[in-house]
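So the sequences go chain by chain: S and D. If you read the first sequence in this note's numbering, its first letter stands for residue 1, the second for the next number, and so on. If you read the second sequence in this note's numbering, its first letter stands for residue 1, the second for the next number, and so on.
One thing to keep in mind: the hints can contain errors.
Now the in silico label distances, taken between C-beta atoms and shown as ranges [to be verified]: (1) S/Asp32 <-> D/Ser130: 26 to 36 Å; (2) S/Ile61 <-> D/Ala22: 31 to 41 Å; (3) S/Val372 <-> D/Ile161: 45 to 55 Å.
In case anyone wonders, no lab produced these hints; they're calculated from the structure. The beta-carbon is built from N, C-alpha and C at its ideal position, and this holds for glycine as well.
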Amino acid sequence: MFVPSVTNPIGDFVRELVPQVAAFLPASLQSDTLNSVVAFLINALICVVAVCLVNIGSAPILIYMERKVCAHVQCRLGPMRLGWHGTIQTVADVLKMLFKEVYAPSGADKLMFYLAPLIVLIGPFIVCALIPFGRNLVVADVSMGIPLIIAVNGFGVLGILLGGWSSNNKYSLLGALRSGAQMISYEISFAMILLFVVMISGSTNLMSITMGQEGTIFDWWVFKIPVLGLIAFVLFFISSTAEMNRAPFDIAEAEQELTGGYHTEYNGTPFAMFYLAEYIALVTNSALATTCFLGGFLPPCIGVAFIDNYLNMVPGVIWFFAKVYFMIWCYMMVRWTFVRPRVDQLMDFEWKFLLPVNLLLLVAGAAYIALVG
Amino acid sequence: MFPGLSIPEMPLAFPLGGMDIAFYAVALVMIVTAVCTVAVKNILQSAVFLIFSFVGTAILYLLLNAEFAALAQVMVYIGGVVIFVVFTILLTSHLGEDSFSAKIPRLFAAFALAVAFVVVMIKCLLPIESLKEGAVASPENYAGLQQMAFRLLGYDQSGFIIPFEVVSILLLMTLIVSITVARRWIPDDYKKEEEEK
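Produce the entire structure from the sequences given, and follow the hints as far as they go.
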């Protein structure tokens, strides 16, 4: 009987452990098939728990961080009362959100209304499963990582459109249509930059994209290809900001114009899920930027053996999360620094500037590969 | 039941274990969502059920080791086609206020037609010998991205380099045309008016 298996050193450990534990059970329960099924289920459970832990665990941290960064940009202190420097504040907020009553507005399409937050969460969770957090820490090491990421991005648009329409509210519908148009447009340049990364690294697997940057800090894709890598990184930063609907590209939920956009009518847990999806998207996009441009879990070696030895001692996960949080900090600084463009300016920016530049970048990258590397 | 129809022994045991169970589960979900797609009165809801049906198709491709086909299914149908369908539905007004309903004679005709179609399909499918063994998954990586790319870009007799290039030039053209269309175009007489001011 064929049982799918999770290929991973941790998976191997569980596969070895299960028969040893099973030896203590009564003889009627001992069979290789049962052992392999149990091992597979335990491995799958570990994978699911790991993805949920990274995603849901990082949300409160990010909310706290966002408040602090916002406050310091605006010369305030931010939350200070609960716990040391207000650290327990987010926990209290999350608890409050979870205990709120959940109800739909009258005249809303109930099925769609409660389905939309679930659909929005599909994309970020799948992307998180693909990202290599360390040499052996990747849930799904699939050969087609980048096409899969581009494919599941469509679910985000869908969830937002459904949520906005089913709220039975003009502001929500307007916000949903705006954000749908924006995300569809920016998805093109987002996909094209990932295509550029695939082109220069010669692989669609995120693990081999990371391993292609092994060496010193100058082997990361930002620096390895002179100028082009940096341009691609900046373009990725812009288009992923727009893809996530974050300020300055947050016309979808512009408070002053749309009272919150597509999630105006949501409250309690469904609203928390929209909020969660937004922050998970922040984590996954930062992780994607880290993997594709900043060397993933590789330490920033500088070519001096004495220093590199110490840098290599730090586990890859720590480097990975350090880079991810640096990227998140960049996204937050951009959010609280720049002003929001108008809808038509936003669309112009994508179709008249980003897309042509992306096409040129692809051509230049192809020329670079053909001539130099 | 029907003359000329002899039902062969279907493989109801699960020789492939997890894969078989996954297939039956996905097939069940696909059938339910497909029925919901046509049975639900609200068109937006039927679009959503259509998406789940497409996801089921993609998972079936994955079970057959056709990874690229699965991803193309998700990318093109869910990320593209259905999103545009949903957009179009959202922009039409009076959605779901007066639901479309067929008269009884027409309903009966449709039912008879559907049953006839199913009977013909089963009659054509049953004589196929290889069905008894179940669908055969392609060998590992045969339909993966790399093999697919090598076959698409092959120069030899089995390669598809020329159609691939033609299609990619067509797609590039549409992208560039969309950029050109998006550029602001000011009519000449409007320009003159502006200058006169």
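For each hint, the structure was consulted:
Our hint of 26 to 36 Å for S/Asp32 and D/Ser130 holds, since their Cβ atoms are close to 31 Å apart. Between S/Ile61 and D/Ala22 the beta carbons are some 36 Å apart, a value that agrees with the proposed interval 31 to 41 Å. At roughly 25 Å, the beta-carbon separation of S/Val372 and D/Ile161 lies outside the given 45 to 55 Å, and the hint is violated.
Checked against the numbered hints listed earlier, the structure breaks hint 3 alone; every other hint is satisfied.
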